[in-house]
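Chemist: For reference, the chains in residue letters:
4 protein chains.
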Amino acid sequence: MKYGVIGINGRMGQEIYELFKEKGHQLVFSYDKDGEYKEDKPEVLIDFSLPEVLETTLEYAREMQVPTIFGTTGYSDQQLAKIEDLSKQIPVVQAYNFSIGIQMLLKTTEFLKDNLPEDWDIEISETHHRFKKDRPSGTAITIADVFDREIHTTSKRLGNVAGDHSIEFGSLGEVLSVNHRALSRRTFAEGVLKSAKFIIQQKTGLYSFQDILFQE
Amino acid sequence: MKYGVIGINGRMGQEIYELFKEKGHQLVFSYDKDGEYKEDKPEVLIDFSLPEVLETTLEYAREMQVPTIFGTTGYSDQQLAKIEDLSKQIPVVQAYNFSIGIQMLLKTTEFLKDNLPEDWDIEISETHHRFKKDRPSGTAITIADVFDREIHTTSKRLGNVAGDHSIEFGSLGEVLSVNHRALSRRTFAEGVLKSAKFIIQQKTGLYSFQDILFQE
Amino acid sequence: MKYGVIGINGRMGQEIYELFKEKGHQLVFSYDKDGEYKEDKPEVLIDFSLPEVLETTLEYAREMQVPTIFGTTGYSDQQLAKIEDLSKQIPVVQAYNFSIGIQMLLKTTEFLKDNLPEDWDIEISETHHRFKKDRPSGTAITIADVFDREIHTTSKRLGNVAGDHSIEFGSLGEVLSVNHRALSRRTFAEGVLKSAKFIIQQKTGLYSFQDILFQE
Amino acid sequence: MKYGVIGINGRMGQEIYELFKEKGHQLVFSYDKDGEYKEDKPEVLIDFSLPEVLETTLEYAREMQVPTIFGTTGYSDQQLAKIEDLSKQIPVVQAYNFSIGIQMLLKTTEFLKDNLPEDWDIEISETHHRFKKDRPSGTAITIADVFDREIHTTSKRLGNVAGDHSIEFGSLGEVLSVNHRALSRRTFAEGVLKSAKFIIQQKTGLYSFQDILFQE
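In the order they appear, the protein sequences are chains H, Z, U and Y.
Okay, so the first sequence: first residue is 3 according to the numbering used here, each after it adds one.
Okay, so the second sequence: first residue is 3 according to the numbering used here, each after it adds one.
Okay, so the third sequence: first residue is 3 according to the numbering used here, each after it adds one.
Okay, so the fourth sequence: first residue is 3 according to the numbering used here, each after it adds one.
Just so you know, these hints were derived from the structure itself, not from any lab.
Everything numeric in this text was worked out from a predicted model, so none of it was measured.
Mixed in with the good hints there might be a few duds.
Intra- or inter-copy, both count: the list cannot distinguish identical chains.
As the list claims (entries may be wrong) - Calculated pairs, DMTMM-like style, for lysine to aspartate or glutamate (alpha carbon to alpha carbon, straight line, at most 25 Å):
| hint | residue 1 | residue 2 |
| --- | --- | --- |
| 1 | Lys-25 | Asp-42 |
| 2 | Lys-135 | Asp-121 |
| 3 | Lys-135 | Glu-120 |
| 4 | Lys-196 | Asp-121 |
| 5 | Lys-109 | Glu-120 |
Take these sequences, add in the hints, and give me the full structure.
Modeler: If you want it as structure tokens, here you go:
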């Protein structure tokens, strides 16, 4: 597969590059603050950069008319609306987290929300490496979105932690929690590769990583 | 409600006594190694003792013909068969854990077993107070029973911990876990009270605590 | 010992009452929003109430001239200064946490602060029952005070959790953490009893619980 | 630095190779089950292999007369005695864990052992990747060795976990624990590099990683 990466010099950009190379895929386009590199037209475009880069990525996607994966976190509602607009022209994946485990945590959260008594307290928490700029993490926001009300969320920044997420439910007698821990960024790169293989076969439309996992 | 307790002087016996008294129920029968106390015929019999007391409890249950709740852990398969036999004559609840959270942990475990890739490793672990004699706990055994294969299980005994249980699933990229922590034994006594109210209205049959939670 | 409690109807007030009764001590004075109860002059006064009650407690302590233990959390610097003033007249204990384990966590934190490389990140976190009004907890503040700089601190409120505290140190390669979990409020009541026995033998002065643990 | 590795194809062998290359050091000798590679005489020999390879490593070390680092786990007492013998001829480092955090956990364990009441329960636990063959881990054994009595230890094997260790102390009222989590094997490789730089400047003698950390 010929692919392009917006944000190639970031942590996730590098992780994607390593894994895709290992699997025989070819980087033919990249963009970062140092400039553009273009060797060929990519079959898929992957954005792991910053929210302020969105306009640039939208332009590239429209110009090249290639399926695009948005993995950047911290987008505003307005920006998310623009990504949805794009998906009417080309196939788009937008997700805050590309791990299987997180998708299972989300499904489990939905089940517990429906089955636990309503008076239980809920707490969401996440820990990430010191380089992560947004807080709470996009994934923590996705977990909170399962609920119709606001859920108290705490964030820690610690060393080089790849990403921990936790949801806790507590009554006067007991605490039940579901916890996820990414062992390395590679697990996310694998989810991106899975998404890339899926999206290059679609026509148009907006897909989440959960759609990809459960549709395949 | 008039009730009786086998193992009244144990930790759970005392916890049940406190809660039932608070809720206006009346202890009319008890049995412990110090002997028998009988004031009246109970409407329900509750056993939180030791496996070696089973024969005595079976005798009492048959003699009085009252619904019986077995909360003791560590029974052998043969002993469990005897309890099942009893349930053909009178209504019986047999469960290793009387908390809502543990039932949710079990349901979640079933979901994850069905949806995670089969090559993920699984570990079950439990921690209880230093006075707990059996290991692994009955609840840990119930969690392991969700699977068709043997699951590695570890047990810790620490101070006065009311009861922690955890199941972890791990791949090369991530770890997902579900954890339960009982904050006090009172949470179990509440499950026993719920079970007592349920069982005195049944004819015959063998019920788990899960049956009671999801049938009510 | 004849003792008095300010805040007798609170969670800690009740816990202290239960333990002290069990150990043969006699409640002869109490104060709560419902009013005052006085049977005799106490040998020691114990305050587990709210910061706004401080003036009342100071008045009682001065009037009766009895050793006083302040276990209330959420005091302002100005209020702490008033407690220090009082200690020039009578013996005073002021502490945010009356458990041995927390004192060990504090000592350990000091050791790690002195021995870990300075570029490690630090996070403090605490979880308490839904009824706790101040955040972060007084104990979390005490842990943070070990450092010369501000430490990021997160707070959760969950069911009936008696009190969890954690300090984490993280580098690019590893995370080291020290965690404390109170199994019940009784452990704090035991620390208060230890403090009461100590303080009734002192002349004047301001003592922390750490002083009591390591001086005895 | 010119260095050699016994067990070059193992997980730690590869990690060491990557880091040392990045830092400008040169692999001039290696040995693995596929055979020997020799380009030049190394200044230091590093063994991360299996206990059954010890005799081969001892031979190489004696023949080349170079400082040697033993990071392999699972050695018997008899094998450890042979390593000590070797250290009378050449400088030797033998350690089960090359992370700063673990050394701090050990120091903290010693402090808590000396200062907590003797009737507290103690539990040690560790989790490692599914490929780790020995259990409990060498590090867990080192933690247990702090005590004069046997400490109950539990081991889990889960996905690709780089290495978690925990020691818990519990009384009837509270639980205090110290936890370490390696974020990647690179943290150990960094400890090995630190040790290599240290040992090439020594004459003879047996050093632990703790010696190196606190002597430097």
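Chemist: One pair to classify: Lys-196 and Asp-121, alpha carbons no more than 25 Å apart. Within, between, both, or neither?
Modeler: For Lys-196 and Asp-121, the Cα distance is within 25 Å only across copies (18 Å; inside one copy 39 Å).
Chemist: As a check of your reading, is Lys-135 near Glu-120 (CA-CA no more than 25 Å) within one copy, between copies, both or neither?
Modeler: Only across copies: Lys-135 and Glu-120 sit 21 Å apart there, 34 Å inside one copy, limit 25 Å.
Chemist: Can you give me the call for Lys-135 and Asp-121, within, between, both or neither, at a CA distance of at most 25 Å?
Modeler: between (34 Å within a copy, 18 Å between copies)
Chemist: Evaluate Lys-109 and Glu-120 at a C-alpha cut-off of 25 Å and name the case that applies: within, between, both or neither.
Modeler: Intra 18 Å, inter 18 Å, cutoff 25 Å: intra and inter.
Chemist: Go through the copies and call it for Lys-25 and Asp-42: within, between, both or neither, with a Cα cutoff of 25 Å.
Modeler: within (19 Å within a copy, 35 Å between copies)
In summary, the structure agrees with every hint in the numbered list given earlier.
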